[in-house]
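Residue numbers (the numbering used here), protein chains in the order written: chain A, 1 to 446; chain B, 1001 to 1216; chain C, 2001 to 2192; chain D, 3001 to 3336; chain E, 4001 to 4229.
Hints in this document: simulated from the structure, not taken from any laboratory. Using N, Cα and C, we set each Cβ at its ideal position, and we do this for glycine too. Any given hint could turn out to be false.
[As the list claims (entries may be wrong)] Here are the simulated PhoX-like pairs of lysine-lysine, each with C-alpha atoms no more than 25 Å apart in a straight line:
id : chain 1 : residue 1 : chain 2 : residue 2
1  : E       : Lys4173   : D       : Lys3071
2  : B       : Lys1100   : E       : Lys4046
3  : D       : Lys3248   : E       : Lys4046
[As the list claims (entries may be wrong)] One side of the interface only, derived from the structure: several residues of chain B facing chain C at Cβ under 7 Å:
id : residue
4  : Ala1081
5  : Ala1104
6  : Leu1108
7  : Met1130
8  : Leu1132
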Amino acid sequence: MNLFRRLSNSFDHGVHPRHHKEQTEHLAIQRLPFGKRFVIPLGQHIGAPAKAIVQAGDTVKRGQMVAEPGGFVSVALHSPVTGRVTDIGPERYADGTFREAIVIEADQYDTQQMDVNPIDWESLSIEDFINEVQKAGIVGMGGAAFPCHVKYAIPDGQKIRYLLINGAECEPYLTNDHRQMVEQTDALLYGAEIVRQKLGAEEIVIGVERNKPDAIKALQDAIKPGQPARVMPLEVKYPQGAEKMLIKSVFDIEVPAGKLPRDVEVAVNNVGTIIAIADYFQTGKPLIERVVTVSGPGVSYPANLIVPLGTPIREVLDYAGGLTEETRQVVLGGPMMGASIADLDAPMLKGSSGVLALTEHETGRPQEYNCIRCGRCVEACPYFLNPARFARLAKSRMYEEMAETYNVMDCVECGCCTYSCPSGIPIVQHIRTAKDHLRSMKGKVK
Amino acid sequence: MAKSEKQAYDEFIKGIWRENPVFVQVLGMCPMLAVTNSAINGVAMGLATCFVLVGSSFLVSLLKNLIPKQVRISCFIIIIATFVTVVDYSLLALVPAIHKELGAFIPLIVAKCLILGRQEAFASRNTIRMALIDALGMAAGFLIALVSLGAIREILGEGKLFGVPLFGDNFEPWVIMILPPGGFITLGFMLLFFNWFEEKKKRLDERAAAIEGSDI
Amino acid sequence: MGDLGWIFISTLLINNFVLAYFLGLCPFLGVSSKLDTSFRLGLATTFVMVVTALCAWILNTYVLIYAPYLRLISFIVVIACVVQLIEMAIKKLSPALFRALGIFLPLITTNCAILGLAIFATNRGYGLWQGLVYALGAGAGFTLAIVLMAGLRDETEMSDVPTMVKGIAFNLIVSGILSMAFMGFAGLFSAS
Amino acid sequence: MTQRDPKLLIQPGPQLRQQMTTPVVMRDVWYALAPATLAGVWFFGMGALLVLLTCIAAAVLTEWCFSPEEKRRYFLGDGSAILTGWLLGLTLPPALPLWMAFIGGAVAIGMGKTIWGGMGGNLFNPALVGRAFLLATFPIAMTTWTSPGDFFTIPASVFAMPLMHGVVDTVTQASPLGLMKFEHTSTGFIDLLFGNTSGSLGETSGLLLILGGLYLWWRRDLDWRIPVGILATAMAFSLVLFMMDSGKYPGPIFTALSGGMMLGAIFMATDPVTSPLTPRGTWIFAVGIGLLVVLIRVFGGFPEGMMYAILLMNATTPLIDRYTQPRVFGRGLDTK
Amino acid sequence: MSEQQQAAAEPSSNRLVGTLAVAGLISGVIIIAVYLATFDTIKENKARELREAVFRVLPGVKRMQRLVIKDRKLVVAHTEEKGEEPIYGGYDAAGKFVGYAIPSAGPGFQDTVSVLYGYQPAERLIVGMWILDSRETPGLGDKIYKDADFVANFDHLSVDPKIVAVKKGKKSKPNEIDAITGATISSKAVVRIINEGNGRWLSKLPEPGAEPLLDKVATAAPKAVDAEK
Ligand SMILES: Cc1cc2nc3c(=O)[nH]c(=O)nc-3n(C[C@H](O)[C@H](O)[C@H](O)COP(=O)(O)O)c2cc1C
Ligand SMILES: Cc1cc2nc3c(=O)[nH]c(=O)nc-3n(C[C@H](O)[C@H](O)[C@H](O)COP(=O)(O)O)c2cc1C
Ligand SMILES: Cc1cc2nc3c(=O)[nH]c(=O)nc-3n(C[C@H](O)[C@H](O)[C@H](O)COP(=O)(O)O)c2cc1C
Ligand SMILES: Cc1cc2nc3c(=O)[nH]c(=O)nc-3n(C[C@H](O)[C@H](O)[C@H](O)CO)c2cc1C
Ligand code: SF4
Ligand code: SF4
Ligand code: SF4
Ligand code: SF4
Ligand code: FES
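I would like the entire structure built from these sequences, with the hints used as guidance.
What follows is the structure, given as structure tokens:
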């Protein structure tokens, strides 16, 4: 079993949902026209919210910094358009909550040219490099929106041997990383080289699932002789893109629980993140737009779009032909990890890799039955946890046992268990409840 | 005196129903399940237990002021063991056939916490009269439980009651009832029935209370 | 009759003290759904059983042939005293072992399986070695039954057993099923 | 302006589910059982069919009576009660009086399932609880095997009055296992494979049962480790014995094809509810069954050990599960 | 015990020991009284049981006596000694030796089965079998003593080369018995137990004709009782 997995470059367990990528994988990336109103939430990344440095009424240029980092684990925000700040205040977020945001009205007559310059990265010290990345507002584009520069701040005594680029894109429907690898191959390799040199890594490894042969080929062709980089084709399996799984698949190393990739001398970045870094140092353009896959059976014209951040989701969907009658659900991100949203006027964020419109067929929930202990969830969990046990224990509110005996805190909520359960048990939901409870208990004790 | 009559009556009845040692307290089951595969065995075991219980309760409450606290448990056990030995020999002499079936389990009456428990909880703190009444009540409850258990197992297991065939020659006996699993299962279902009954009663009571309450 | 191996298998599986003789039911049904506790209770019981078998053999051989009527009383007294002594000895000699088994020892003394063991071994006319193997089998059988039961109960604590059944009634019925399953061992090694 | 779109659902993730649901799984098992059942009915006639239907009816009726009202629809709707009755029916002698079959079905569901809290709560295979109860209750009727006979002749014993003996008027014949155990006579391999032997409905046609198992495996409804583990262990064990004394002990092929081995290994030991969750546990479970079957068949008091082997291993399942938790990813590594 | 007494000072250990001793004494007295009162009846019951069994397995026998091996010789022994394994000799009214009643035991379907069987050395035949003790399944295994047909198997059954149980109705040789349908195991257990008993005893028995003579002195004793009593 293990040998087999090694030969096919993969980790153990996981699931094989139909990937539905055929809708968009051949569509070249298009640019979404600028809209009128942009909402830039201050806390759209993990860590401290950014601090606004503009006021209502100010005019801003496209690419101009509008908020500075609110701490070390925080990044700057930039205006996606040239226009005027109309408001700074609570705005509705995709999950229905209100958060502080900067609202910018686009200048309809502007050409939206940017006034930025390339940066000479080669002469930068590592500290300055980290500062620049933070200033560029770059966060992980793989979904978590974790400030990128924090990953680069390697503590003394540790080093990075491999820069691992996450091109797995295991979530169904999404093809934005795929298209970027095909169309922006050089930028990707250039960005990778910047990060590699700055971190002093020996090699760049790009992990790509085998269902993107054109991306694999493009990358292989583009790697210049002498560049320490290679492409690693991976088995098509969810969650191949979860960083610890990826490291397992590529290097056959398990990142110990509670440790970070850097503890095994690896830095992991998403394709989009690296391209954003390349863009910034090549042209000076900070992170003001991202590639988004609009797909699913609920949209008429699926597409891969460059979306200025802050654009309302509705405009993205409208560009793709609007929602069809059958649409029951809109998901931000992939269908496995992504959250379903009800407010289409919420803005697109740095971490929004996809907008999916799903119909009853995909989202219909089966009748919930009692757990039949079939073990499918156990054999799906890439973390080798026991989700059936979680579901049972959570039902009896035995949260402590879940943590002490069964390591519930190691769960990354990848959803494989819920996906594979024939009894329709929302296991991940139970797990989230348990984790919330445990966290609040821990808070109380301290 | 009426009050004490009533009290005595209550003491007696509680052993049979409210605090039935088997069905409610679920005590002293071990030897019971092994030997109650027929009604007659149930009677024999029940009577043997009754004799020990009543006899030792009597003696304990008689001697309660003479026995120092520190050695009371040992004394109780000696008293109980004495009665058990008496029963053992008597059965062996008088009804050897029954002794052959129960024999090995009779000495185990000593280990039943039911009996020691009654001495500790009741006989050593009460008058001889009350101790006797309590013991009789508990013993009656125990006897009833054993006999009904034995009867059910015998009826299904052999088609007989006290050895009298009930269903004619063609009856297909339910062998499991006289085997060990039958003991577990029968008592399990009897307790289930007891629970069901209690629950039903409680629900009725609650409803009655609710109706009363609504009147006000 | 003297085949030690058969005596062991027979008391362990075929004539399991709990599932076929209903001995030691109270700890079996009542004590715990904690595996660890059950296992240690089982070990302690086995230990006391072996000691009891030894005492019973000594009594039978040297005392009771002269005074058979003292059988019950002497068994009880001797078992109680010996367990007490062992408890004290373990406490002195091995605090670790005492922590593992000690708290169960007094509980076990009043358990009918111990007295039952002494009586049954006597009734069967077992000699010293036979008696010891019998005790070992009975103790192992008790441990097996109680550990299986603990596992089953631990698992069902999380399922929605109807309230009416929950408790002793449920445990009894489960024991019935377990006892039924153990019937599969009947006739083992005696047929061929 | 920021208006919640009324048409859109908010659901916690993951949004996708695979297509398999519990009722579909159960129905798959029906389909897998159907060919072997039809063959059995063909061999043993209408009487056997009546026994089978009675078991199913009793199981469904009991499920209906004792499941809590609010869950009744789902409990019945998942089709597992029918499956329990069906599997029980397949393990009974074809000439068993119907009233006994009815009791079996009722006990299977009542004692095997509802008191445990219904579907998924039980720790013992319900069909086998029913069968073990019947075997211990009516040992003679349960070990009276008839030979395959005329399709339309129904043995009179089938219609015995409730609580009364059945009179067996057809030819009784020891099952292949009984012949082996008590007379050391082996039955031909071809007969075993195609099912033309005396025994219960589901004991007969090894071939069709294997086909059913392959179907379930293909549908991913069944943990392949269990049948494979059981058969491999049992065959290896009996091979060892066979090599020691081939006159006394049955060979591995006979062991694999006779009695309830196939039905048990493919359809009963694999009952997901009562088998371990973890892959490693599943192996232990399977090996345990394999060993116990041969132990009971060869050294024990019963010609057939499958039922007891499965029930005994069911009892150990919670322990197995507990002690075979997989090593959590990233834990228990020897880190410096 | 009242509150005041509980609060009173600890009783001395002499008092504790004394109380226990008195309790022991009283209980001892009661037990011995009962023991003595029931002693004869119990002894008589046991003897009767044995007697009945012996006369059942040895038809035509009027008197019996207890025999043990001493110094490799079979001798009469009326009093029990530890570690002895007795068999019983049966004699007809004229005092002529008829056969032995041999006890043997071994595992059955559930638990140990104890068998007593009658053996006639002259013709090397089993002439009767009785189950002293068993825990076989009621309705199945208990047929080894409840089923008259099965018990009848053991009349004039040859022990050479050894007894064999065959499926019911298939009995054809003098050393074969019909097993009970549905209780094959118990049937075979009985056969095995008898074969084992034979293995233990037959070689130790004296030549036919040289059996111990009926002990005239002991006739009245409970060990060799007149059957007509
Ligand atoms: C279940 C799961 C699946 C993931 N799948 C992907 C993926 O397919 N592609 C990806 O780039 N990141 C994926 N991620 C995020 C990665 O773990 C990791 O955060 C990311 O590759 C780090 O790069 P970034 O910080 O540049 O985004 C996934 C995370 C989880 C928990
Ligand atoms: C305080 C803190 C420090 C972190 N430091 C690092 C780091 O040094 N290197 C790194 O690769 N990730 C680091 N992470 C990010 C996480 O390991 C992980 O990549 C991030 O949560 C994104 O999750 P995903 O990769 O599963 O999407 C850090 C996270 C936190 C909260
Ligand atoms: C509950 C139960 C109890 C049994 N008890 C006995 C028994 O005491 N003695 C016995 O020989 N067989 C007993 N059997 C039957 C044996 O298991 C075995 O099936 C039988 O000996 C085969 O006999 P046959 O070939 O004569 O039908 C019992 C079976 C069951 C189900
Ligand atoms: C592969 C498979 C095998 C099954 N085997 C059995 C079985 O042997 N006996 C049974 O009662 N139910 C069986 N079931 C149905 C169901 O799991 C069972 O009724 C549950 O134990 C009821 O909680 C099976 C189901 C599946 C999917
Ligand atoms: S959500 Fe958690 S428990 Fe479920 S499969 Fe993923 S890691 Fe495992
Ligand atoms: S997949 Fe669902 S039904 Fe199967 S074991 Fe896991 S929780 Fe239970
Ligand atoms: S104290 Fe004794 S009788 Fe009472 S429950 Fe415990 S073991 Fe049983
Ligand atoms: S305390 Fe002992 S004697 Fe009493 S029921 Fe329990 S095990 Fe049996
Ligand atoms: S593509 Fe795998 S989760 Fe992001």
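Non-conforming hints, listed in increasing numerical order = The structure breaks hints 1, 3, 7, 8; every other hint is satisfied.
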